Each structure stands twice: as structure tokens, then as C-alpha cells.
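Put together the whole structure using the sequences plus the hints.
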Amino acid sequence: MSNSTPPHQITPFFLQSVAGKLFAILHQPSRKRTDQAVIIIPPFAEEMNRSRKTFSLLGQHLAKNGISTFVLDLYGTGDSEGEFSDARWSTWVSDIECSTEWLSSHGYKNISILGLRLGALLATDMLQNSKYAFDNIIFWQAAHSGQNMMSQFLRISFTGSNSKSMNEQLNSGSMVEIAGYQLTPALYDDIINIKLQLSQISSPITWLEIPPNDNMGLSHKSQTILNDHKTGGGRINTEIVKTPQFWTLFDAKADNALFDKTLTALVKNR
Amino acid sequence: MDKALLNDVIQLSLSTLQIASNDETFDGSTALIGSRPEFDSMAVVGLMTAIEDYFDITIHDDEISVEIFETFGTLTQFIGQKIAG
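Chains as they are written, first to last, in my numbering: chain S, 646 to 915; chain Z, 1312 to 1396.
Read the hints as simulated data drawn from the structure, not as lab findings.
Among the hints, erroneous ones may be present.
Simulated restraints, written as ranges between beta carbons of each label pair [as the list claims (entries may be wrong)]:
no.	chain 1	residue 1	chain 2	residue 2	range
1	S	Gly752	Z	Gln1392	56 to 66 Å
2	Z	Asn1333	S	Ala778	47 to 57 Å
3	S	Lys666	Z	Asp1319	43 to 53 Å
4	Z	Gln1322	S	Arg676	37 to 47 Å
5	S	Asn694	Z	Asp1338	27 to 37 Å
6	S	Lys698	Z	Asn1333	42 to 52 Å
7	Z	Gly1396	S	Tyr777	43 to 53 Å
8	S	Ile655	Z	Gly1396	52 to 62 Å
9	S	Ser848	Z	Asp1367	27 to 37 Å
10	Z	Ala1342	S	Ser796	22 to 32 Å
11	Z	Gly1345	S	Met820	44 to 54 Å
12	S	Met820	Z	Asp1372	10 to 20 Å
13	Z	Asp1367	S	Gly752	44 to 54 Å
14	S	Asn710	Z	Asp1319	38 to 48 Å
Taking lysine-lysine pairs in the DSS-like style, the calculated list, with each CA pair at most 27 Å apart, reads [to be verified]:
no.	chain 1	residue 1	chain 2	residue 2
15	S	Lys906	S	Lys866
16	S	Lys754	S	Lys809
17	S	Lys866	Z	Lys1393
18	S	Lys754	S	Lys776
19	S	Lys809	Z	Lys1393
20	S	Lys709	S	Lys913
Partial chain Z-side listing against chain S, Cβ under 7 Å, derived [stated by the list, open to error]:
no.	residue
21	Thr1327
22	Gln1329
23	Glu1349
24	Asp1351
25	Met1353
26	Val1356
27	Gly1357
28	Asp1373
29	Ile1375
30	Glu1378
Just so it is clear, the structure is predicted and the values come from calculations on it, not from any experiment.
The C-beta atom is built at its ideal place from N, Cα and C for all residues, glycine as well.
Okay, structure coming up:
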């Protein structure tokens, strides 16, 4: 009779954040207790839906290697309380802080954060004022700025009205609907003013860049950000990962290369 | 139409959108948006970013229209005009 326990335990639950209850999934190794976890900070809107499968696979991979993964739906998204039209940047920053406190109060001493796309912007913004010392900061395809992110998001509607008129609508105080998401002028304004701020971060940073295809390397924008940071004296470990851009593609998931490099980043500074 | 550019655009699109070539022949008349599930609007936005970076061009908001993504030919024409400035 086989008595093997699966190496991986998945627990969905709700935690209280400032604006309401958030839905979260904790992936844990089931064979051994661990005090190490990574919080996944989601990408924006539909990109998160396209990333769920990948985060689930990441959770599995890390659990097999003794690390827990905390996957969160930000307020107003996924199965968390609130409507997307109620979401604000400051609420989302609080959501990450609440998640950190939850893990900390549940025995986790070594907590890292992993931000995908807009999640990286949320991470760096939170880190400017955070009192918690995170083990590792990992970026998967960090969004270069909130402005850039919104520009790309508005483009999604190009098959209908063009994004210029979307801009006009937002500037005149009207909500716009893109890919089924109600983007309010308030959230839009919150986001376009956010820049990727690497300077105040004391924890080691791993920048994983996922080019659109195997023939391309670091994007020009990424290179500029990384060069600027170097001149400021900061050190970031940068790596190119060859894997599909799952957050934007139709029915895709990341390859193991991404999970392996993420695991390496999490254990090397342990 | 610049055949070399057309080929570059086709290869860039296939690899970025993870479209297997299988035995299909792709050329300037291959229909894109509305004809293939891989060419949904979210994926196309990702492709636009790849195009901007690969060809070192900037696509302005008022230049984007669904007609550009009708076929590989229309897409190549658009990119060619942008490169030429």
C-alpha cells in the first residue's frame, strides 16, 4: 500500500485587508514545515487571469523544494471582495502589507516577494515605506512605469475605438471598459504616476526578463532602467529567461526554466 | 513589398505568439486578427511591444487600427513605413 503524501498542499482562504476580504491560496510543502515563503504580487487585470496556471505551477515547484507560495487576488480582482471599479493603488499596497503580516504571524520568518509586470511596480512602491525586511525581491518582466503599463492596457481596445479616445474619456472623468474591466479615472491616475523605484531597496533584487521570443534579449527600456540603477551604485542580478510571455498570450504557461531560476534566486541568499 | 522585411515580420510574429508552423505556409496574404485565436487583442498588444523594440520604432496611439493587423502584408507595410520615417 502506498503511503506517499503528495509533496504539495494547497489551501485557499480569505484574509482581512484594509478594504475587505482578500482571496489567497497558500501552496505549502506537505512533508516538512518551512519558514520560507514568497508572496506573488499579481499583474494587472486580464494579465493575472492569463497567469494563474503559471503561478499554480510555480507553487507546486517551490513546494517540492521546501518553500511556500502565497498567491493573492488584490482587492477588487479575482475572488477577493470589491469591484474592480473600487480598486485603488494604495489599497493594493496595503493588501501586500496585510499578506506579509499574515505570513509573519503564521510562523514564516523568511519572506520574499515576487512581482510580475505591474506587480513589480507595486512591490517597489511598497518597499519605499515598508518596515519588513524581505529576503529577496524577484521581478518577472517588471513593468517599466505605470504610464507604460496604462498605455499598453488602453491599446487592448484598439479593435474598437482607439486608445486616444479612451484617454480623452478618462481625462474628462469617465470610466472606460477594456477587456471587461471597468477602469476608473482614479485608478488610472494612481497608476500613471508610478515609476519603478529601485534605489531604496536593501534586499537583493533578481530581475528576470522574459523576451517576446528567443531571438530577442533585454528590451531597450529595461536596459535603460538597469543602466541608470548601476550608475546609482545599486546591484541587481539580471537574467534572461526563455519562456513564453504567458501573461499576454492566448492559453499559455511558463516553461520550467522560469521556475528553476526563481528557485535559485530564493535559495542562494538563504 | 520588401520580402526580407516580410519574412522578419512573419518570424517575429510566429515566435512571439507561439504559433507552430506545422505545415502551413505563411505569406503576405495570411489573415491575422479575427482569423486565428492566437491573434486576440491582448496578444496583439504584446506583439506591438515586441515590434516596437525589435524594429526600434514607436507606434503612436492614433496610428493603431485593426486594419494594420489584417494580414502579414498589411502589418509589414505599416512597419516599413515607420522604419522609413
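Please write out, lowest number first, the hints stated earlier that are contradicted by the structure.
-> Of the numbered hints, 6, 11, 16 and 30 do not hold.
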